Amino acid sequence: MTIPDIIIARNCGLVRITYSGDSVNIKANHYPEFGLKGGFKDLLEIDFDKAKSIVAALLYKDLAYNSERMSLERAESYTEFLFDPFSEKDCLCYTNGNWNEYHDSTSGIWTPMTEATFDGGVIISSLGLSLCFWVEDED
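Numbering follows the numbering used here, with no gaps: position 44 of the sequence shown is 197.
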């Protein structure tokens, strides 16, 4: 299993998976190496399990049409792979919306972090390592 495998399997929109050797300072409200625009102050702090469920949901279905991109089991397996370097007790996790609930609702509210029609993801920060998982989908 590799990061390109994950991107190819979703086969929809833009999938950004970026690891950084630094801890993210969300309070700085600026983190351009992840390719996201400002607005970090508007991100929601979430727990580790919710971060995992959001990533799995974003891999499982697209944001524009709620179209299945892969099985939920495969999405969860990829999520475990991405989260493997992190320890739950040492992480801070952030998102721009409740994407784990989006596919079961008729609407969603999120803070846009790109110019795409739909974008969502998770930023994880721990001591010495950060991950940005972000997807962009168009209508």
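Hints may contain errors.
[Unchecked claim] Below, in silico cross-link-like pairs of lysine to any residue (SDA-like), each with a Cα-Cα straight-line distance of 20 Å or less: (1) K190 / K242; (2) K194 / Y247; (3) K203 / S240; (4) K194 / S240; (5) K203 / D158; (6) K203 / N164; (7) K194 / N251; (8) K190 / K203.
What the hints contain is simulated information worked out from the structure, not anything from laboratory work. A quick note: this is a predicted structure, and the numbers were derived from the prediction, not measured.
Outcome of the hint check:
1. K190 / K242: 28 Å, violated
2. K194 / Y247: 10 Å, holds
3. K203 / S240: 14 Å, holds
4. K194 / S240: 24 Å, violated
5. K203 / D158: 23 Å, violated
6. K203 / N164: 24 Å, violated
7. K194 / N251: 16 Å, holds
8. K190 / K203: 23 Å, violated
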